[in-house]
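Required output: the full structure, derived from the provided sequences and hints.
Protein chains in written order, with the numbering used here: chain Z, 1 to 274; chain U, 1 to 219; chain S, 1 to 239.
These are calculated hints, taken from the structure and not from any lab test. Hints may be right or wrong, so weigh each one.
[Claimed, not checked] Cβ pair distances, simulated, as ranges:
# : chain 1 : residue 1 : chain 2 : residue 2 : range
1 : Z       : I10       : U       : R216      : 19 to 25 angstroms
2 : S       : D60       : Z       : R5        : 34 to 40 angstroms
3 : U       : R216      : Z       : P9        : 21 to 27 angstroms
4 : S       : G9        : U       : W130      : 34 to 40 angstroms
[As the list claims (entries may be wrong)] Computed cross-link-like contacts, DSSO-like style, restricted to lysine-lysine with a CA-CA straight-line distance of at most 27 angstroms:
#  : chain 1 : residue 1 : chain 2 : residue 2
5  : Z       : K89       : U       : K75
6  : U       : K128      : U       : K51
7  : U       : K123      : S       : K176
8  : S       : K129      : U       : K128
9  : U       : K123      : U       : K51
10 : S       : K129      : U       : K123
[Claimed, not checked] Stretch by stretch, here's where chain U covers chain Z in the computed footprint (C-beta under 8 angstroms, at least three residues):
#  : stretch
11 : 241-250
12 : 258-265
Just so it is clear, CB atoms sit at the ideal spot from N, CA and C, and this is done for glycine as well.
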Amino acid sequence: MVPRRVLIPILVAALLVAIALPAALPRGREIVLATTTSTEDSGLLDYLLPRFTADTGIHVRVIAVGTGQALELGRRGDADVVLTHAPAKELEFERAGHAAYRRAVMYNYFVLVGPTGDPANGTGPDVYHALRQIVRCLCPFISRGDDSGTHTKELQLWRAAGLVPEPSAWYREAGQGMGATLRIADQLRGYTLSDDGTYYTMADRLDLAVIVSHEPPLLNNYSVMPVNPSTHPDVRFAWADAFAQWLTDAAKGQAFIQSFVVGGRQVFEPNASP
Amino acid sequence: MVDELLGIAGLSLYVAASSTAIASLLGVPLGAVLALREEARGRRPTLTIAKAIVFTLYGMPPVLAGLLVYLLLSKEGPLGALALLFTPTGMILAQVLIITPIVTGVTYSAVASVGRDVKDAAKSLGAKGWTLTATVVEEARLGVLTAVMVGFGRAISEVGAVLIVGGNIRGSTRVLTTAIVLETSRGNFAVAVGLGAFLLVIAFGIFLVLWRLQERGYR
Amino acid sequence: MTVPLEVRGVRKAFGEKRVLDGVDLAVEPGEIFALVGPSGVGKTTLLRIIAGLEAADEGDVRIGGNGDGRTALGRDIGFVAQRPAVFRRSALENVAYGLRLQGVEDDRAERDAIAALDRMGLADARDAKAWTLSAGEAQRLCFARATVLQPRLLLLDEVTANLDPANVGLLERAVKAYHEETEATILIVTHNLFQARRVAARAGFLFGGRIVEAAEVGAFFSDPKDERTRAFVNGEMPY
Numbered sequence: 001m002v003p004r005r006v007l008i009p010i011l012v013a014a015l016l017v018a019i020a021l022p023a024a025l026p027r028g029r030e031i032v033l034a035t036t037t038s039t040e041d042s043g044l045l046d047y048l049l050p051r052f053t054a055d056t057g058i059h060v061r062v063i064a065v066g067t068g069q070a071l072e073l074g075r076r077g078d079a080d081v082v083l084t085h086a087p088a089k090e091l092e093f094e095r096a097g098h099a100a101y102r103r104a105v106m107y108n109y110f111v112l113v114g115p116t117g118d119p120a121n122g123t124g125p126d127v128y129h130a131l132r133q134i135v136r137c138l139c140p141f142i143s144r145g146d147d148s149g150t151h152t153k154e155l156q157l158w159r160a161a162g163l164v165p166e167p168s169a170w171y172r173e174a175g176q177g178m179g180a181t182l183r184i185a186d187q188l189r190g191y192t193l194s195d196d197g198t199y200y201t202m203a204d205r206l207d208l209a210v211i212v213s214h215e216p217p218l219l220n221n222y223s224v225m226p227v228n229p230s231t232h233p234d235v236r237f238a239w240a241d242a243f244a245q246w247l248t249d250a251a252k253g254q255a256f257i258q259s260f261v262v263g264g265r266q267v268f269e270p271n272a273s274p
Numbered sequence: 001m002v003d004e005l006l007g008i009a010g011l012s013l014y015v016a017a018s019s020t021a022i023a024s025l026l027g028v029p030l031g032a033v034l035a036l037r038e039e040a041r042g043r044r045p046t047l048t049i050a051k052a053i054v055f056t057l058y059g060m061p062p063v064l065a066g067l068l069v070y071l072l073l074s075k076e077g078p079l080g081a082l083a084l085l086f087t088p089t090g091m092i093l094a095q096v097l098i099i100t101p102i103v104t105g106v107t108y109s110a111v112a113s114v115g116r117d118v119k120d121a122a123k124s125l126g127a128k129g130w131t132l133t134a135t136v137v138e139e140a141r142l143g144v145l146t147a148v149m150v151g152f153g154r155a156i157s158e159v160g161a162v163l164i165v166g167g168n169i170r171g172s173t174r175v176l177t178t179a180i181v182l183e184t185s186r187g188n189f190a191v192a193v194g195l196g197a198f199l200l201v202i203a204f205g206i207f208l209v210l211w212r213l214q215e216r217g218y219r
Numbered sequence: 001m002t003v004p005l006e007v008r009g010v011r012k013a014f015g016e017k018r019v020l021d022g023v024d025l026a027v028e029p030g031e032i033f034a035l036v037g038p039s040g041v042g043k044t045t046l047l048r049i050i051a052g053l054e055a056a057d058e059g060d061v062r063i064g065g066n067g068d069g070r071t072a073l074g075r076d077i078g079f080v081a082q083r084p085a086v087f088r089r090s091a092l093e094n095v096a097y098g099l100r101l102q103g104v105e106d107d108r109a110e111r112d113a114i115a116a117l118d119r120m121g122l123a124d125a126r127d128a129k130a131w132t133l134s135a136g137e138a139q140r141l142c143f144a145r146a147t148v149l150q151p152r153l154l155l156l157d158e159v160t161a162n163l164d165p166a167n168v169g170l171l172e173r174a175v176k177a178y179h180e181e182t183e184a185t186i187l188i189v190t191h192n193l194f195q196a197r198r199v200a201a202r203a204g205f206l207f208g209g210r211i212v213e214a215a216e217v218g219a220f221f222s223d224p225k226d227e228r229t230r231a232f233v234n235g236e237m238p239y
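This is the structure we're talking about:
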């Protein structure tokens, strides 16, 4: 029997090796992609990324968080490339010098959803009409309340409609992701703004219907931004660049985005400029 | 599917077991020394402060610990060069910060409960310094094992820190708890509950083993 | 070889309570000295101070006369407490503990431990877990554990206090046997006056924080000089 004095240091050493080893091993070609939960939840990345890896041999590690956090990851250089759908914030990011470049990838529409039966009578000429109707009846409206792309768009719409809602009995800030927010709206028989991907994925489990969609104000634009290597020398720019190029390549990423279908519906419309 | 599930479960075990092991290596001697110093020197400000810190850290929100470790390991942070962010190693680091106070505190209680007579006996037979500490820890080993079990329970159920530091990346840093969060946010409650049940089964298995060890100490 | 014990002016207070207030005690080398006194008077505290397990507020303990002072606990001072403080391991491992600490090789440590257990009538209990032993067996184990190291000063704190007559007898015989073998100086705290008479050569009465009287054991019990000693010896003092 090995004496304890010898055994313990050996076990400790083995433990430290077991912990450090995975991090120390040389990693293959990989990049960290920071994106939003709604993008990941749509299932698009599960469809696209294996094809990208098969094509280029580069592995993509996806961190799906809120828009704010995704951009913060890019700002810090903890992510090599960012894929988000918050144009105003993306421009800010670019102006601050964190992006190597910004390229449009795809778009879809936000949808204003509400309880079946539409108690506020929101259906009408446009989304602004719907919002005013909701305020008029003080029907519950659930906001993402989390500085996400969806939340930013929602606030824009309120502003354009000339309204400034504040947290109150009818206007609630969920502070969570789209799925959770939809479920709250479902439970409280309220209205909310959602990206259509998440909504359609959950539609059969929810008692919510689309009130307004497919209007210019509800456009949801996705862009890709590789992090700037001049300001963040540690990022793996070559591979991040390869990813952004592949994504916006008409024959590759763009074609796959076009063919990505959920429940018979095409979820995103590719719109990268050639 | 099953592959992925096993991978996630395996990673949960790996991270929780490693964190608990390191936290125990640090916390058990620390707790023991704290108890023995206090017994030898009575109430001293430094010891009281040390105890206060340990017990306060019991309440350290894991998500806060995760955020602090994230800031530490971020490229912009002091340890960014280590490239430990979004790796299991980083997750283990965060968990060690959370669990060590717990192991320390419970060990402290266990060692402090060892009768004075037993400590006197050891001293009277010539034990001092680390030998004395080791003897007292061995006397308190059932309580120390409890400390380790509590630590492990905390580790395997933890979600806030591993989520922030690990990133819940599919195939590399996704564990059972973060997978539950994900499935819940997607509304897949049945899957989430299933994952939770699986986690509890694994925890039960581990505790069964540790419990048998503890039992042997009583017979 | 054998050492004298000298205690001078020892004072110890716990908070407001003054337990020991100027204890002077001299034990001859190789003597068995019984320290008696009512419950709670400070006998255990004094013993622990002599053993080095507790620090005196004032005063001096000399072991070995010429300022040898605090010799290494374990090598020269043995201590057995009132309640058997066995370790959570086998009886054999308990007795071998001190030997291993001293660096004695495994074989010899085991042999010496087995011999010590045999001497205390614990040969059968060798591999038993110490916490399963009866009080008497456990106390005999503690005695074996302390004496296997052959300390030159042995301190016994009411070691037979809670035991049945058979075990009391066994332990008293063991004390005397150890004394004959090694000529160690033995300080035995007891509240059993008969035991003091049976075992010790001299006795001392601790009361009011001091040693009130010390004398050869026969004279101590038949003709105490101090009236407090007399009251105690005659059973008039409340325990």
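So which of the earlier hints does this model not fit? Result: hints 11 and 12 break, sorted rising.
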